[in-house]
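Just need the whole structure built from these sequences, with the hints factored in.
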Amino acid sequence: AQSVTQLDSHVSVSEGTPVLLRCNYSSSYSPSLFWYVQHPNKGLQLLLKYTSAATLVKGINGFEAEFKKSETSFHLTKPSAHMSDAAEYFCVVSVAGGYNKLIFGAGTRLAVHP
Amino acid sequence: GAVVSQHPSWVICKSGTSVKIECRSLDFQATTMFWYRQFPKQSLMLMATSNEGSKATYEQGVEKDKFLINHASLTLSTLTVTSAHPEDSSFYICSASTGGSYEQYFGPGTRLTVT
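Residue numbers (our numbering), protein chains in the order written: chain R, 1 to 114; chain S, 1001 to 1115.
If you are wondering where the hints come from, they were derived from the structure by calculation, not from laboratory data.
Glycine residues also receive a C-beta, built at the ideal position from the N, C-alpha and C atoms.
Just so you know, nobody snuck in bad clues.
Some chain S residues well away from chain R (every beta-carbon gap over 12 Å; in silico):
hint: 1; residue: V1011
hint: 2; residue: C1013
hint: 3; residue: K1014
hint: 4; residue: G1016
hint: 5; residue: S1018
hint: 6; residue: K1020
hint: 7; residue: Q1029
hint: 8; residue: K1066
hint: 9; residue: F1067
hint: 10; residue: A1072
hint: 11; residue: T1075
hint: 12; residue: L1076
hint: 13; residue: T1078
hint: 14; residue: T1082
hint: 15; residue: S1083
hint: 16; residue: D1088
Using 30 Å as the maximum straight-line C-alpha spacing, the simulated DSBU-like pairs for lysine-lysine come out as follows:
hint: 17; chain 1: S; residue 1: K1020; chain 2: S; residue 2: K1064
hint: 18; chain 1: S; residue 1: K1064; chain 2: R; residue 2: K101
hint: 19; chain 1: R; residue 1: K58; chain 2: S; residue 2: K1041
hint: 20; chain 1: S; residue 1: K1066; chain 2: R; residue 2: K101
hint: 21; chain 1: S; residue 1: K1020; chain 2: R; residue 2: K101
hint: 22; chain 1: R; residue 1: K49; chain 2: R; residue 2: K68
hint: 23; chain 1: R; residue 1: K42; chain 2: S; residue 2: K1066
hint: 24; chain 1: S; residue 1: K1020; chain 2: S; residue 2: K1055
hint: 25; chain 1: S; residue 1: K1041; chain 2: R; residue 2: K101
hint: 26; chain 1: R; residue 1: K58; chain 2: R; residue 2: K68
hint: 27; chain 1: R; residue 1: K42; chain 2: S; residue 2: K1014
hint: 28; chain 1: S; residue 1: K1020; chain 2: S; residue 2: K1066
hint: 29; chain 1: S; residue 1: K1041; chain 2: R; residue 2: K68
hint: 30; chain 1: S; residue 1: K1064; chain 2: R; residue 2: K42
hint: 31; chain 1: S; residue 1: K1055; chain 2: S; residue 2: K1066
hint: 32; chain 1: R; residue 1: K101; chain 2: R; residue 2: K42
hint: 33; chain 1: R; residue 1: K68; chain 2: R; residue 2: K101
hint: 34; chain 1: R; residue 1: K69; chain 2: R; residue 2: K49
hint: 35; chain 1: R; residue 1: K58; chain 2: R; residue 2: K42
hint: 36; chain 1: S; residue 1: K1041; chain 2: R; residue 2: K42
hint: 37; chain 1: S; residue 1: K1041; chain 2: R; residue 2: K49
hint: 38; chain 1: S; residue 1: K1055; chain 2: R; residue 2: K42
hint: 39; chain 1: S; residue 1: K1055; chain 2: R; residue 2: K101
hint: 40; chain 1: S; residue 1: K1014; chain 2: S; residue 2: K1041
Below you can see the structure in the form of structure tokens.
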């Protein structure tokens, strides 16, 4: 069965410093992986996705993630945090077959301080 | 492109009444639509998957008679919370997929408060 584990429930960084949000996945096949962001009381926005192409995926707003099969990881990074990056981030894996159901991680709340 | 809307964005209803939430794909045909529930400060929990013209598939533990899902067209799915109770208060989010893609496009969500 597929699953994702977000290793940190909260991450706090200073504006201008790097961001690292960690995600490990479990899958018996080559998965499709996503990172979504949710601002307070808002819907979800897709940041980036990995679907078996390049292992380093670039997304919107300067975010990127690297798929590492040997480590079963898909960590999200950004070189320099902005105040507007403060939000909830979800790592998501797609379930094989059927209707492409998504399994969400528990989420990581990113706080950005001046 | 790939815009999904939900209506209403928020609703307050009295305990025992029913409330309907609409999910529409505005610029594409959604073969499959999904309904999620999100409790405060928690992750999204998939409630059910619906395909146009067929019965929805509910996740384990979700009462299909309480959460009625209809997917009558390729652009519209509805979730009706029947005989709502305060514990049904939550943020309900829909998403839509073209079926051939892994990607789901999410609506902005509907906040339901049952008093």
